[in-house]
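Enquirer: If you're matching them up, the sequences are chains F and Y in order.
Counting with our numbering, you get residues 593 to 910 for the letters of the first sequence.
Counting with our numbering, you get residues 593 to 910 for the letters of the second sequence.
Hints in this document: simulated from the structure, not taken from any laboratory.
Note that this is a predicted model, so its numbers are computed, not measured.
One thing to keep in mind: the hints can contain errors.
The list treats identical chains as interchangeable, and a pair is accepted whether it falls inside one copy or across any two copies.
Unchecked claim - No farther apart than 30 Å at their CA atoms in a straight line, the calculated lysine-lysine pairs in the DSS-like style are these:
| hint | residue 1 | residue 2 |
| --- | --- | --- |
| 1 | Lys734 | Lys649 |
| 2 | Lys888 | Lys841 |
| 3 | Lys594 | Lys734 |
| 4 | Lys736 | Lys649 |
| 5 | Lys694 | Lys594 |
| 6 | Lys841 | Lys694 |
| 7 | Lys888 | Lys594 |
| 8 | Lys767 | Lys594 |
| 9 | Lys816 | Lys841 |
| 10 | Lys736 | Lys776 |
| 11 | Lys602 | Lys694 |
| 12 | Lys776 | Lys888 |
| 13 | Lys767 | Lys602 |
| 14 | Lys816 | Lys694 |
| 15 | Lys602 | Lys816 |
| 16 | Lys594 | Lys736 |
| 17 | Lys767 | Lys816 |
| 18 | Lys649 | Lys816 |
| 19 | Lys816 | Lys776 |
| 20 | Lys594 | Lys841 |
| 21 | Lys767 | Lys734 |
| 22 | Lys694 | Lys736 |
| 23 | Lys736 | Lys841 |
| 24 | Lys776 | Lys734 |
| 25 | Lys888 | Lys649 |
Protein chains: 2
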Amino acid sequence: MKTLGDIGEKGVIAALLENMSSTAAVGPGDDAAAVDLGSQYLVVSTDVVSRASHLPKGMTEWQIGWFAAAVNFSDIAAMGARPIGMVMAYVLPRCLPLEDLKRISQGVQDCCRAVGAELLGGDTKEGSEIVLSGTALGLVDKDKIMLRRGAREGDLVAVTGPLGLAAAGYTALMKGIYAPRSIKALLEPQPRIAEGMILARSGAVTSCMDITDGLAFSIGELSKQSGVGFEVRWCSIPRGEDVERVATKAEVSEEALIMHFGGDYELLVTLAPDAYDRLRGELGGRLHVIGRVAGKENVLIRGDEVVPLDTRGYEHFR
Amino acid sequence: MKTLGDIGEKGVIAALLENMSSTAAVGPGDDAAAVDLGSQYLVVSTDVVSRASHLPKGMTEWQIGWFAAAVNFSDIAAMGARPIGMVMAYVLPRCLPLEDLKRISQGVQDCCRAVGAELLGGDTKEGSEIVLSGTALGLVDKDKIMLRRGAREGDLVAVTGPLGLAAAGYTALMKGIYAPRSIKALLEPQPRIAEGMILARSGAVTSCMDITDGLAFSIGELSKQSGVGFEVRWCSIPRGEDVERVATKAEVSEEALIMHFGGDYELLVTLAPDAYDRLRGELGGRLHVIGRVAGKENVLIRGDEVVPLDTRGYEHFR
């Protein structure tokens, strides 16, 4: 009999999607679901974090709360929606000190405040390990929503910020390398809400998702859902300051940290080339072209070399 | 240093509410939160269930899924909203058979379908025990929403169905007593969505909540939030068929099962007396007067005896 460990996270998700018959405007399979409310979509995303799967040792309680909220808002950002609220359910061990819970809760609230969303409510139950399950809600005009599908031949491919920071932070934590900025990036991800709203409002973005599971995986998703190929130029990818140093010290490849690790929570978008300069200005420079939409295959261009892009991402359960 | 076990569930919730500064239309402290969308409220509720806190042994996987969805929709019902969707996040052990997950997921979907809601999406992560965290969404006209506050002197107090069934089911399971209907009521709670919508539309209901934690606790909540007292007549409370027999066999008091156990998920409402006959008709008889709003204290009338009503409910963590 097959277990979840045998089939891995993507297999689990596929099994869950299999017999869902959603008629929602945007159903399972995108960053968030969207419900038609007339002139707007209500965008809904749920993300659960547990000690066992998600939270590096050394994370403070406040960071656990921030993280659990931030990963949800990142999905709202990916659709270009304005966050309106969040609910947060806690499973908590009986022996947890009350002060720890207050710090976790403060982290949740500070993240809500940072993105202008209301903490609407929650639930608490007892369990053997800490689990935080958040649901974020947002609103976006129907004709402005950004989806994973829609990229077109000739579009530019761009990201909203440097990549590999979270991976470098994780590596630094594991190997005892000094890289406080990267570690902070790992433990306190910043949902790109403002960027998402500006990108959506522009009307020039043809597809978007956040880079939760690494750039390569996100490229693969946009490619698959849009039915087009991506050409990514290695030298154009903006990378975090510590990444090269941490990669060298830890003797891991920089490409692995930047392409395949995840945890960066920047947005990956495709857009009409003629809108790039204006949008980059509106985003205060936070838009970096890394390639273009072309053909049917996903490739990485390194100097003169063109290699197929391995779009597998990080998988839980396995 | 105080732990969650020291202060109990209500203390945990109080601590979480303490530094929340919600400006939502209906904030934390009611069955669900409500967000102002113009002419309607978006009603949002989250409920998490874990093996350790909630799920009796012997529950099938399908029932786990149904239960996790149903308790969320019950909060939507309590506000009189029409369910529009649900997201469900799963924490699952790696060794869980895939077939078990499929059955859990089927239970979630069947419950969504039963109340006319869309399963919008979800999330899965690995953890040491099964945790299901659902968030249900509903819509209700702003002038029709039912809240825990609003009960007025002279209102009738009523419930939508027999009480004590879930308690009898739990007792039967624990003591090996034959009571399949009660056990089914415990394991497959029915959210009173249709009843909630009819009650809300009537405009005659002044306060409402579901009876998750027992009738006595719900009475205490409506009383506290409305600033009025409740007189409940013991002989008027409709009770499940097995309750008396199970109580006798198990040598527990029928009052404990009916008043203090919970898990029934019927709705408790206060309403204008002149609307009762019409509403009872619209509900096909599923409305039973159990007392009235009077004075400032909560009392239980048993024959000639009038005793204070102990409004404590079941608490996790302790």
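Enquirer: Determine for every hint whether it applies to the structure shown.
Expert: Here is how each hint holds up against the structure:
{"no.": "1", "hint": "Lys734 x Lys649", "in the structure": "neither (41 Å within a copy, 46 Å between copies)"}
{"no.": "2", "hint": "Lys888 x Lys841", "in the structure": "neither (37 Å within a copy, 71 Å between copies)"}
{"no.": "3", "hint": "Lys594 x Lys734", "in the structure": "neither (41 Å within a copy, 49 Å between copies)"}
{"no.": "4", "hint": "Lys736 x Lys649", "in the structure": "neither (40 Å within a copy, 48 Å between copies)"}
{"no.": "5", "hint": "Lys694 x Lys594", "in the structure": "between (40 Å within a copy, 12 Å between copies)"}
{"no.": "6", "hint": "Lys841 x Lys694", "in the structure": "neither (37 Å within a copy, 45 Å between copies)"}
{"no.": "7", "hint": "Lys888 x Lys594", "in the structure": "neither (34 Å within a copy, 59 Å between copies)"}
{"no.": "8", "hint": "Lys767 x Lys594", "in the structure": "neither (35 Å within a copy, 35 Å between copies)"}
{"no.": "9", "hint": "Lys816 x Lys841", "in the structure": "neither (35 Å within a copy, 62 Å between copies)"}
{"no.": "10", "hint": "Lys736 x Lys776", "in the structure": "neither (32 Å within a copy, 47 Å between copies)"}
{"no.": "11", "hint": "Lys602 x Lys694", "in the structure": "between (34 Å within a copy, 14 Å between copies)"}
{"no.": "12", "hint": "Lys776 x Lys888", "in the structure": "neither (37 Å within a copy, 54 Å between copies)"}
{"no.": "13", "hint": "Lys767 x Lys602", "in the structure": "within (29 Å within a copy, 42 Å between copies)"}
{"no.": "14", "hint": "Lys816 x Lys694", "in the structure": "between (42 Å within a copy, 26 Å between copies)"}
{"no.": "15", "hint": "Lys602 x Lys816", "in the structure": "within (15 Å within a copy, 48 Å between copies)"}
{"no.": "16", "hint": "Lys594 x Lys736", "in the structure": "neither (42 Å within a copy, 49 Å between copies)"}
{"no.": "17", "hint": "Lys767 x Lys816", "in the structure": "neither (36 Å within a copy, 55 Å between copies)"}
{"no.": "18", "hint": "Lys649 x Lys816", "in the structure": "neither (35 Å within a copy, 43 Å between copies)"}
{"no.": "19", "hint": "Lys816 x Lys776", "in the structure": "neither (32 Å within a copy, 44 Å between copies)"}
{"no.": "20", "hint": "Lys594 x Lys841", "in the structure": "neither (40 Å within a copy, 43 Å between copies)"}
{"no.": "21", "hint": "Lys767 x Lys734", "in the structure": "neither (46 Å within a copy, 56 Å between copies)"}
{"no.": "22", "hint": "Lys694 x Lys736", "in the structure": "neither (38 Å within a copy, 35 Å between copies)"}
{"no.": "23", "hint": "Lys736 x Lys841", "in the structure": "neither (44 Å within a copy, 63 Å between copies)"}
{"no.": "24", "hint": "Lys776 x Lys734", "in the structure": "neither (35 Å within a copy, 43 Å between copies)"}
{"no.": "25", "hint": "Lys888 x Lys649", "in the structure": "neither (41 Å within a copy, 52 Å between copies)"}
In this structure, the earlier hints numbered 1, 2, 3, 4, 6, 7, 8, 9, 10, 12, 16, 17, 18, 19, 20, 21, 22, 23, 24, 25 are contradicted, and the remaining ones agree with it.
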